[in-house]
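Peer 1: So the protein sequences, as listed, match chains D and Z. So for the first sequence, the working numbering puts the first residue at 164; every next one is plus one. So for the second sequence, the working numbering puts the first residue at 3; every next one is plus one.
No lab work stands behind these hints, which were simulated from the structure alone. Note that the coordinates shown come from a computational prediction; the quantities given were computed from them, not determined experimentally. Backbone N, C-alpha and C define an ideal beta-carbon position, used for all residues, glycine too. Hints are supplied without guarantee of correctness; some may be wrong.
What the hints assert, rightly or not - Some chain Z residues close to chain D (C-beta under 10 Å, calculated; not the full set):
no.	residue
1	V30
2	R37
3	A39
4	S78
5	E81
6	K91
7	S100
8	A102
9	H109
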Amino acid sequence: MGRNIRVTVLFTVLIVATVILGAWLIQSLPGRHQPADIPLRLQDALLPEPRPMTAFSLSDQRGRAFDLERLKGKWTFMFFGYTSCPDICPTTMLVMREIASVLARDPRDIDSQFVFVSVDPQRDNPENLGRYVEYFNPHFVGATGDSAQLEVLTRQLNVMAMRIEESPSTNYLISHTSSIMLIDPKARLYAAFSPPHDRTSIIERFYIIHNYYKEGNQ
Amino acid sequence: MKLRAMLVLFPVVLGLPVVASSKESAIVVQDAWIREAPPNAASMAGYMIIENRSDKSQSLVGSSATAFGKVTIHRSEHEGGMARMKHQKKVVIAPHGSVAFKPGGYHLMLMKPKKSLRAGDRSPIELIFGDGLQLTVMFEVRKDMPMKGGEHGIQHGSDHSQH
């Protein structure tokens, strides 16, 4: 009786120790966030490890190249949508405008940019994209490209876009990933804020991320 | 009795504008607004609160407006990280219940605005209900979510009820 219990306890201790050791080994691999260090509020947003982005080639509203280089040296908030989207996109753009204005007032001078990528190149061109994004904030970037160019970027960010036909076909809608992607100054996908977007919560979490990053969690 | 009067007065007390109501006040629409969009926007969204003060359920089945090419009822949903808009054939408002049309949820999709609408403009939109009731509701163009405690007053929409 007593021996059985002892064997059971011994086995349990062994299993628990193995799991803990295994988890410790995996987490101590270089470049990984230590789960114990990740502030609780970030656990849903932060990627298990920053994902370096690779070359892509889009154009912004002024016809300039919007590529990997443009992501370096600053924090990028990136959202995918289309200008004829009446509800989700303007709602998210207003949230982005709010975040931008808070960061613009921040004395720490956090370099950041806000990018709206149109997944509707058939209807969106640099001209209407420019009028759209600059309505929300004159510094916002609007970028797009042909479907192949867009796919190079969306694939690496796990962003999906699907055309939904409603009659008549000219009025199609697009279902799209609605998270706000946060790309770090080393051009790596660092976090994703999933909807519904609450401006205060995103700003607070960004500040936690910013501090966490400065503390060497790069 | 007193409670009833209180309920009717409730929106007014809260300062929420009652923008339209049917003759028998079976349907009351409050806080009707269109979000201002970039000047070249191909579509806009209309929001409101529809209240059903009657004992039977009511359904919003259609909408039209002379200021737009087409008006449809949609609901935005987030599913597996994707945002999608689903066309709604009707929106049922339970007896003595209400349905809020708000950003990220139910909305009137206002396609092809005939002119650029700016904050402060007003634009009438027709709401068609299942029992043939039609209400013309004056929507106000605003930049963002309305602030509570704004304007007061009751405005009766023209009632084309076929009863």
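Peer 1: For this structure, which hints from the list above don't hold up?
Peer 2: 1, 6, 7 and 8
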